[in-house]
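Going line by line, the protein sequences match chains Z and H. Take the first sequence: its letters are residues 1 to 262, numbered as in full-length UniProt numbering. Take the second sequence: its letters are residues 1 to 423, numbered as in full-length UniProt numbering.
Keep in mind that the hints were calculated from the coordinates and are not lab data. Hints may contain errors.
[Stated by the list, open to error] Below 27 Å or equal to it, Euclidean Cα-Cα: the simulated DSS-like pairs (lysine-lysine) are:
{"hint": "1", "chain 1": "Z", "residue 1": "49", "chain 2": "H", "residue 2": "43"}
{"hint": "2", "chain 1": "Z", "residue 1": "200", "chain 2": "Z", "residue 2": "82"}
{"hint": "3", "chain 1": "H", "residue 1": "347", "chain 2": "Z", "residue 2": "183"}
{"hint": "4", "chain 1": "H", "residue 1": "233", "chain 2": "Z", "residue 2": "199"}
{"hint": "5", "chain 1": "Z", "residue 1": "157", "chain 2": "Z", "residue 2": "49"}
{"hint": "6", "chain 1": "H", "residue 1": "213", "chain 2": "Z", "residue 2": "193"}
{"hint": "7", "chain 1": "Z", "residue 1": "193", "chain 2": "H", "residue 2": "347"}
[Said to hold, decoys possible] Some, not all, of what chain Z presents toward chain H, calculated at C-beta under 8 Å:
{"hint": "8", "residue": "77"}
{"hint": "9", "residue": "190"}
{"hint": "10", "residue": "191"}
{"hint": "11", "residue": "192"}
{"hint": "12", "residue": "193"}
{"hint": "13", "residue": "195"}
{"hint": "14", "residue": "199"}
{"hint": "15", "residue": "200"}
{"hint": "16", "residue": "203"}
{"hint": "17", "residue": "255"}
Note that the Cβ used here is the ideal one computed from N, Cα and C, for glycine as well.
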Amino acid sequence: MTNIVVLVKQVPDTYSERKLTETDHTLDRESADAVLDEINERAVEEALKIKEAGEGEVTVLCVGPDRATDAIRKALSMGADKAVHVSDEALHGSDLVATSRVIAAAIGKLDSVDLVIAGNEASDGRGGAVPAVVAELLGLPQLTHAHHLAVEGSTVKVDRETADEGITHLEANLPALVSVTEKINEPRYPSFKGIMAAKKKPVETYTVADLGIDAGEVGLTNAWSAVQSASPKPPRQAGERVEDDGEGGTKIAEYLVGQKLV
Amino acid sequence: MIEWSETDELIRESIREFIDKEIRPRTDELESGQLPPYDIIRKLFASFGVGEIAREGFDQLIEHEKRKADTGSGAGGSAAGSGGGSGFTLAGQETMALIAISELAGVSLGILASAGVSLGLAAGTIMSKGTLEQKQRWVPELLTFDKVGAWAITEPEAGSDAFGGMTTTVRRDGDDYILTGHKTFITNGPYADTIVVYAKLDTGDGTPIRDRKVLAFVLDAGMDGLERSTPFKKMGLGSSPTGELSFDHVRLGRDRLLGETEGTAKDESADSGRESARANFTAERIGVAALSLGIINECHRLCVDYAASRTLWGQEIGRLQLIQAKLAEMEIARLNVQNMVFRTVEKLRAGTQPSLAEASAMKLYSSRAATEVAMEAVQLFGGNGYMTEYRVEQLARDAKGLMIYAGSNEVQTTHIAKGLLGR
Ligand SMILES: Cc1cc2nc3c(=O)[nH]c(=O)nc-3n(C[C@H](O)[C@H](O)[C@H](O)COP(=O)(O)OP(=O)(O)OC[C@H]3O[C@@H](n4cnc5c(N)ncnc54)[C@H](O)[C@@H]3O)c2cc1C
Numbered sequence: 001m002t003n004i005v006v007l008v009k010q011v012p013d014t015y016s017e018r019k020l021t022e023t024d025h026t027l028d029r030e031s032a033d034a035v036l037d038e039i040n041e042r043a044v045e046e047a048l049k050i051k052e053a054g055e056g057e058v059t060v061l062c063v064g065p066d067r068a069t070d071a072i073r074k075a076l077s078m079g080a081d082k083a084v085h086v087s088d089e090a091l092h093g094s095d096l097v098a099t100s101r102v103i104a105a106a107i108g109k110l111d112s113v114d115l116v117i118a119g120n121e122a123s124d125g126r127g128g129a130v131p132a133v134v135a136e137l138l139g140l141p142q143l144t145h146a147h148h149l150a151v152e153g154s155t156v157k158v159d160r161e162t163a164d165e166g167i168t169h170l171e172a173n174l175p176a177l178v179s180v181t182e183k184i185n186e187p188r189y190p191s192f193k194g195i196m197a198a199k200k201k202p203v204e205t206y207t208v209a210d211l212g213i214d215a216g217e218v219g220l221t222n223a224w225s226a227v228q229s230a231s232p233k234p235p236r237q238a239g240e241r242v243e244d245d246g247e248g249g250t251k252i253a254e255y256l257v258g259q260k261l262v
Numbered sequence: 001m002i003e004w005s006e007t008d009e010l011i012r013e014s015i016r017e018f019i020d021k022e023i024r025p026r027t028d029e030l031e032s033g034q035l036p037p038y039d040i041i042r043k044l045f046a047s048f049g050v051g052e053i054a055r056e057g058f059d060q061l062i063e064h065e066k067r068k069a070d071t072g073s074g075a076g077g078s079a080a081g082s083g084g085g086s087g088f089t090l091a092g093q094e095t096m097a098l099i100a101i102s103e104l105a106g107v108s109l110g111i112l113a114s115a116g117v118s119l120g121l122a123a124g125t126i127m128s129k130g131t132l133e134q135k136q137r138w139v140p141e142l143l144t145f146d147k148v149g150a151w152a153i154t155e156p157e158a159g160s161d162a163f164g165g166m167t168t169t170v171r172r173d174g175d176d177y178i179l180t181g182h183k184t185f186i187t188n189g190p191y192a193d194t195i196v197v198y199a200k201l202d203t204g205d206g207t208p209i210r211d212r213k214v215l216a217f218v219l220d221a222g223m224d225g226l227e228r229s230t231p232f233k234k235m236g237l238g239s240s241p242t243g244e245l246s247f248d249h250v251r252l253g254r255d256r257l258l259g260e261t262e263g264t265a266k267d268e269s270a271d272s273g274r275e276s277a278r279a280n281f282t283a284e285r286i287g288v289a290a291l292s293l294g295i296i297n298e299c300h301r302l303c304v305d306y307a308a309s310r311t312l313w314g315q316e317i318g319r320l321q322l323i324q325a326k327l328a329e330m331e332i333a334r335l336n337v338q339n340m341v342f343r344t345v346e347k348l349r350a351g352t353q354p355s356l357a358e359a360s361a362m363k364l365y366s367s368r369a370a371t372e373v374a375m376e377a378v379q380l381f382g383g384n385g386y387m388t389e390y391r392v393e394q395l396a397r398d399a400k401g402l403m404i405y406a407g408s409n410e411v412q413t414t415h416i417a418k419g420l421l422g423r
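Here chain H stands alone, though its shape is the one from the complex (with noise of 0.2 Å):
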């Protein structure tokens, strides 16, 4: 792939019209957190038809599924999904959603996170490690965004070392499970209705707490012991509400454990619940990927026009070298990170994925650039560049928040090199 498609290119004229009309017009409500951004997924899903194409994959799935078990297969229903990523399929959409979400990364980023955690992460959780019922009950109302999903694995002693330092613990109890702890920095987290936890079981036979299995649970909101914080105040990704969660003794159902299964592996690090983790890591990359792309896209042309109208001294800033060099740099960052979205856009088109290394060091460059283009918007427009009017600043402290989560990108460097010397 080389260019985007005649289609792709109406659909960015779409979404853009979407944003002018509904999202730019209130982005001082949402980033400020006044107004959640839940009305306008909803809305932006039903006006493109999202939830519908989302809905129709996730019917065909489960058919599939059903036709499975029936012949056996899969035992008693309790069956993973295909593996390899967040179980859903972009089935040759996969320039579309990419375009979409680079379009709306130029605007409000939090719009993204709040919109990717509920379905990449929650609902593609459920997806890949649910069973039949648990996908049945849990993942239709996420893709239509009827309801709000949030993905919770970091602690505040537990962030890059999620699953190490995890001390949330279940226990278990008859038939069900106890869940205690503390979760943090979870998206969505203050309004979800559907909550992936992961936790670390404790069976009491002295097995050291790092070593512990960890299991993952759905939790609905308004069960007895989950609280919910208002939303932290943050540097960027205003539109983004992230918040921390708690849990006193909930009482979990089997029917609430993924997969219903603790796993069978000796292995630690082969328990269902760090393995379900791990299966997110390669698509929420790829995914920082398209969102940088959006910011340098936006960067890039609205400095493209504020270098060819600022004028000093009798010409405009364009003509000046020090700005040409900020100008060529943003370039040469557009043209690498597009590059990158357009070859994993191949890869999917050929029933490929990137490898994890490969993911991470995507991930890595490509928010590293983001952010570097966004801070030179900023020093570009000079004094414009410093209030919120001109846009920029809001970029630049959005995107330096792609430098840390899905992985902080010294966690990124750790993993590329894993995969460079093969551990």
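Next comes chain Z alone, as it looks inside the complex (with noise of 0.2 Å):
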């Protein structure tokens, strides 16, 4: 029995235009459509996997606004079990060490959790922290950047890959936190009686307080980090055209270490 947590966000639609509020410069979760984050489908489609080899029971955990339901929905739709939802006023603007906070707090009140599986980032904040912090706050030893992942008895086996090392094989014995990349897996469609189920799933509802954290931790003026301005990404520009009259790929390669690229 493998009792999973998948931590997921509602993030805006990465095809919307993507904005910050000119009050205080944080996400403006109005001017976008807002779904369940990408790359957090794959973490669930993981969770899943594992739970349909052998037995468990999928959680997931949205740290968010109350629309955030429709995520927690989705994910509950594609075969979680359950969720729990920790919505609160006084969560608006938490950097990602109050959030990861937070999360380890929900994450505590549920009992004996063997694997916790987040996505490597979220595709709006892009921090790609928080999955390391949870697991430092959680004492479970973390194992990022998955591009596959197994549970065997009580170890979980991973491939991690990155840019910078490549591929390592980590392997660390349950509870674990992993996060995984976008090549994970390709998630399932909710299917028609995963949705017809989803709305009698169990949602539990927390507030900062009920976790145990004072709301002077959290929130926009309790963060490490502030923005101090923020300006619209610049037009693109025109890119440079070239000839090809047979050095096409020397021009190419020229041009690639003229800028860094190579």
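The two chains are supplied separately, each in an independent frame; assemble them into the complex guided by the hints.
What follows is the structure in structure tokens.
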């Protein structure tokens, strides 16, 4: 029996234009469609595969505003068994350290967690540190950037892939935390039955107080970093055009070297 | 029913995700006929658990029939289905099916035509008219789409007058039948594995051909004497392969005769073949309303966006009254067709069905509305509308098909009138 917790986040759809609000430079959640982050769909998929191969229960954990219930519902439709939703006004603008604390505290509320699965980084903030911080706070081994994951008995095995280090094989005893990359799998679509069943699955909601965290430790005013200003992405520059008169390959190589890309 | 439920909307979202990932990127290949739709249909069924749901329903029906046979009411197991339509019930899942169908229709009507014929007509006919053994033999693989089904009634000389003009013939030969003839415009014909074929029985007693009994048989691909043509080129529904079938002395055992009975009726209009074909009409016509709704919804959505973004003379074209008139007509069509679909759902939930005349009226109105809306969408988009990239031209070509198949709209008119005048 493997009890798995999957960390999921609702993010603005990458297809819509994403903005920060004028007032406090936090994410403008109203300006874009909100969706379950695709990397989290992969995390849920991986958890479901482990569950389906043996026995277990998959709990999704989401820290986010009330409307994040849509993202939670999606994960439940895919087949997760239950959900924990931490929603609190006080959390608005929390940095990743505070968010990780809240996540760790919420995991602490669940009994006997064997495996925590997260995406390696969310597509909005892209800090990519939450999994590591959560593992540290919970004292769990962290196996990050997994593009392959297997649970064998009480051991978790992972192939870790990063641009700098290539592929490394990692193993740890459960309980452990794994973060997955885009290469890990192709997530399933919620089936008709899954969608119908999701309505009846339990979702527990907590405030930060329920988790024993003081509201003064989280939120925008208590963040370790602050955004001073934000400006929109500059328009794309016209590219450089190279006529291929037989020297095309060389010219491309020269260009790439000039840009320090190779 | 006045609105889609929250669950329906979630299903819509999920189907849209599938469409965006799996169908849109391959529209060109699909619509040109280069890529047959079957792998995508299989993936669709597997992804949403459609095959699984259908399979469970099938198992329950079969169990039910077995019990009935055991208690002696179904002599020899050659029992017909519960009657009234395709033999499947959507058991509370009507709206899920309808919303999925209409979403898909807005991007590829052909995929639905292919899936609908295989499941609704081929499997549906076997379910409602086959014996227990025949159902078990052919239906499960059709439900999961491991096999592709076709349903063949139309002939070069027999379309609207399908039964009367039919010349494809079976003759008895010992315990077997020998089938000879030709079918055309058969959806999935070029790739079909399991084919329901209608043919006239020639007993050699001099009965005029128009009055002969019509029987239905199930054929498998690869049988001696069965030929499938390559797909036709056509105006729309490019993602649905349509072709001809020919039968040159195909030998058929009695186990391939649907229901394993020629029927006892003296009255030709009540023989087993005619009856089994008619049983499909209502369900098929209701289906056309859902398909039309999908096309209307998609045109409506594309046009509202375009009217708000295309700028001429310093203003969006949506401010021009002639454009507003088009949008208003689209909205009216959307409301009317959606209301027809909702009413049908209510009827199904109440355990009844629209009458054939009512289903005919829905089919006629909704297919015409979809075609008009899609043609107006082309107009609203101007030159862009005429270009494939903007998608509305495909919807217009697809929609026109809805006015012709599943009974041409002129034939629908006659059925509506029959309902009104009592024949
Ligand atoms: C894309 C596509 C897929 C198809 N798939 C299948 C399939 O899978 N299986 C199958 O068996 N068939 C299939 N068909 C055939 C379809 O059912 C026939 O095309 C349809 O029934 C019309 O028959 P017809 O083409 O012979 O036209 P005809 O019957 O020749 O009609 C010619 C014209 O006369 C009109 N007309 C006919 N009768 C009357 C009347 N009584 N009063 C007034 N006007 C009348 C018609 O409406 C039409 O305008 C398909 C057709 C298409 C286009």
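Going through the hints against the structure:
A hinted pair counts as satisfied when its Cα atoms are at most 27 Å apart, and residue 49 of chain Z with residue 43 of chain H qualifies at roughly 18 Å. Under the criterion of a C-alpha separation no larger than 27 Å, the hint pairing residue 200 of chain Z with residue 82 of chain Z is consistent with the structure, at around 9 Å. At most 27 Å may separate the alpha-carbon atoms for a hinted pair to count; residue 347 of chain H and residue 183 of chain Z exceed this at roughly 48 Å. The suggested pairing of residue 233 of chain H with residue 199 of chain Z is violated, with an alpha-carbon distance near 46 Å, which exceeds 27 Å.
Distance hint between residue 157 of chain Z and residue 49 of chain Z is fulfilled; the C-alpha atoms sit about 15 Å from each other, no more than 27 Å. Pair hint residue 213 of chain H plus residue 193 of chain Z does not hold up; C-alpha atoms about 44 Å apart against a cutoff of 27 Å. Pair hint residue 193 of chain Z plus residue 347 of chain H holds up; C-alpha atoms about 23 Å apart against a cutoff of 27 Å. Interface restraint check: residue 77 of chain Z against chain H, minimum CB-CB distance 7 Å, threshold 8 Å, status holds.
This hint holds: residue 190 of chain Z has a C-beta 5 Å from the nearest C-beta of chain H, less than the 8 Å allowed. For residue 191 of chain Z, the interface hint holds, since its Cβ comes within 8 Å of a Cβ in chain H; the closest pair sits about 4 Å apart. Against a cut-off of 8 Å between C-beta atoms, the interface hint on residue 192 of chain Z holds, since the closest Cβ of chain H lies about 5 Å away. A cut of 8 Å between beta carbons decides the hint on residue 193 of chain Z: the least distance to chain H is about 5 Å, and the hint holds.
At about 5 Å, the closest approach between the beta carbon of residue 195 of chain Z and any beta carbon in chain H falls short of 8 Å, and the interface hint on this residue holds. Contact between residue 199 of chain Z and chain H, as hinted, is supported at the beta carbon level, the nearest pair being about 7 Å apart and thus within 8 Å. Nearest Cβ of chain H to the Cβ of residue 200 of chain Z: about 11 Å, over the 8 Å cut. The hint is violated. Using the Cβ-Cβ criterion of 8 Å, the hint placing residue 203 of chain Z at the interface with chain H is not satisfied: the shortest such distance is roughly 15 Å.
Because the smallest distance between the Cβ of residue 255 of chain Z and any Cβ of chain H comes to about 30 Å, over 8 Å, the interface hint for this residue is violated.
In terms of the numbered hints stated before, the structure departs from hints 3, 4, 6, 15, 16 and 17, listed from lowest to highest.
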